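Undergrad: Now for the letters of each chain:
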Amino acid sequence: MDTKRLLIVVILVVAAAVLAFVFFRSGEEENTKQGKAEFAGEKDRPSEHPLPRKTVTLFFLSEKDSLLHPEEREITEDPSLVHMAMQTIQELLKGPQNGLLSALPYETKLREIFVTKEGTAYVDFSGEIQDDHISGSSAEIYTIFTIVNSLTFNFESIKRVFILVEGSEKETLAGHVDLSRPLLPRFDLVIN
Amino acid sequence: MKDHDDYGRIVIESSVPLSTHVEQHTALFLVRIRASRQFVIRRESFESRFVKSIGWAKGSDYYMVTVNASDPGFVHDHFSLTDPFRLIIDIGPPGRDKGKTGKIQPDPPKGKKAQDPDPPAQKPVKKSAAPGREPGEPPASPPSVPSQGIRTIVVDAGHGGLETGAEGKSGITEKDLTLPISKKLKSIIERNLAYRVVLTRDKDVDVSLDNRAAMANNNRAALFISVHVNGSSRKSARGSETFFLSLNATDEEARRLAYMENNSSEIGEKIGSDGEDDLMMILWDMAQSAFIKQSSQLAENIQDELNSLLGTKNRGIKQAPFKVLTGVACPAVLVEVAFISNPEEEKRLVDDAFQNRVAEAIYRGIANFIRKNPLE
Chain A
356 MDTKRLLIVV ILVVAAAVLA FVFFRSGEEE NTKQGKAEFA GEKDRPSEHP LPRKTVTLFF
416 LSEKDSLLHP EEREITEDPS LVHMAMQTIQ ELLKGPQNGL LSALPYETKL REIFVTKEGT
476 AYVDFSGEIQ DDHISGSSAE IYTIFTIVNS LTFNFESIKR VFILVEGSEK ETLAGHVDLS
536 RPLLPRFDLV IN
Chain B
10 MKDHDDYGRI VIESSVPLST HVEQHTALFL VRIRASRQFV IRRESFESRF VKSIGWAKGS
70 DYYMVTVNAS DPGFVHDHFS LTDPFRLIID IGPPGRDKGK TGKIQPDPPK GKKAQDPDPP
130 AQKPVKKSAA PGREPGEPPA SPPSVPSQGI RTIVVDAGHG GLETGAEGKS GITEKDLTLP
190 ISKKLKSIIE RNLAYRVVLT RDKDVDVSLD NRAAMANNNR AALFISVHVN GSSRKSARGS
250 ETFFLSLNAT DEEARRLAYM ENNSSEIGEK IGSDGEDDLM MILWDMAQSA FIKQSSQLAE
310 NIQDELNSLL GTKNRGIKQA PFKVLTGVAC PAVLVEVAFI SNPEEEKRLV DDAFQNRVAE
370 AIYRGIANFI RKNPLE
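First to last, the protein sequences are chains A and B.
Last residue of the first sequence: number 547 in the working numbering, and the count goes up by one each step with no gaps.
Last residue of the second sequence: number 385 in the working numbering, and the count goes up by one each step with no gaps.
Read the hints as simulated data drawn from the structure, not as lab findings.
The structure presented is a predicted model; accordingly, all values stated were derived computationally and were not measured.
Watch out, some of these pointers could steer you wrong.
To be verified - Straight-line alpha carbon distances no greater than 30 Å define the calculated DSSO-like cross-link-like pairs of lysine-lysine that follow:
# : chain 1 : residue 1 : chain 2 : residue 2
1 : A       : K525      : B       : K302
2 : B       : K322      : B       : K244
3 : A       : K472      : B       : K11
With the hints as constraints, model all of the structure from the sequences given.
TA: Written out as structure tokens, the structure reads:
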């Protein structure tokens, strides 16, 4: 009886230890996973020291020619690719600062980005990107490729971009460019 | 195809054992089936939360079933059973119970697609290259029946109806200009060439992009010319340019591969026969990739004439992933005549004489192309 009870106690203690160990370990794993999470989430990083900055290149139009022109911007370095991709598109949506032209309708907002393991970034915009679009092949091509180029140029792990509007797939933005599949960058549209 | 709680199940059944291979490209699942012989394919219609469409294509020694999942994040499991041979593919969100696939399928032996090896005269797609006029192969839904021996050119008047396209300062829109130019082009071609012209629209109506391509394919068109006028947020943007399709080498690779191994003269036979929508759309989806080279030559011929006749700025020939071109199974281009967003060019675009010159230039480009590339 006594030995049996002792055995049970020992088993319970070991079990508790194992459980605690597993619990803490998995907690740690959870943390690292979240750090790398490729889905947008809230950031609550302690800001003891200023966060490192990363320079990104955005693409805009110019009255001078029918090419895309680069403009640099600083974003906050972030272990999350998605956070940096979102900052980049936010900057693109703010428009150019040095006399270039935006190819995106003014009121367009970014809703969400997610990136697959294979390197396809799904970028979801508010309805204005479609409703307020001026249409025309050129306008549409530039709207789309300022987005695609700005993401693929700055982030090596983004290979192609799938543009969504209000969370769903669209045939086209304004009747021309096929949005039913992911798009590769077009650096031939960029100056030089 | 049948939906379960957290996955959709596709059953491909065959009366003979098949060698199959399943691969995934984001939302597109490709099932390659090795086959040295013709199959008769039967399909069941379905509705699914997990799968948008299922189509198939035939390669040189295989069939390919293309499954378009509703979500690119979906994953799949597959396994096969014998007597009769069945390939079972389960598609759904990740993290669902794995055990399922081990169980013998609970579902009926009738699959979404059944295949019999014996080819009893049910439209065996033979390698013979004779296009058109095969018995039992009428075009699916042409606006009118092509007369014997006369080939068709489809002229696509861009936009229409609620789809106004780009807009000029005066309030005139792209759709209002593409229609008269297209009508003028139709009459010049029919006056000068032994072709009939089918317009994708002859009034101000909405026509879907897929239907525009379908008109070309259902009429076995020799050429497809889409007429547009351009728009830009750059006030200075001006000039004429001619586009042909750019292939976006991602998901397409696999599909194009299957397609390119086919003889393009077979396309007409495989398209527009049995009226199954998703089948036709999948095939059209790939169709233009077989004609890129000819399309670029057609674009060049047209652009040359635009340059010499219009006096507009030459923006050259360009490539873009334009939806309306992707499914067209013949040489196909999209002409951007000039910029409606540029007030000067807008004025020219509404001018009847200028529209006639545009039509004349496009016609000459077509005529030159046909001269250099006699169509069979």
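Undergrad: It remains to establish, for every hint, whether it holds in the given structure.
TA: Hint by hint, here is what the structure shows:
no.: 1; hint: K525/A - K302/B; verdict: holds (28 Å)
no.: 2; hint: K322/B - K244/B; verdict: holds (15 Å)
no.: 3; hint: K472/A - K11/B; verdict: holds (28 Å)
This entry satisfies every hint, going by the numbered hints stated previously.
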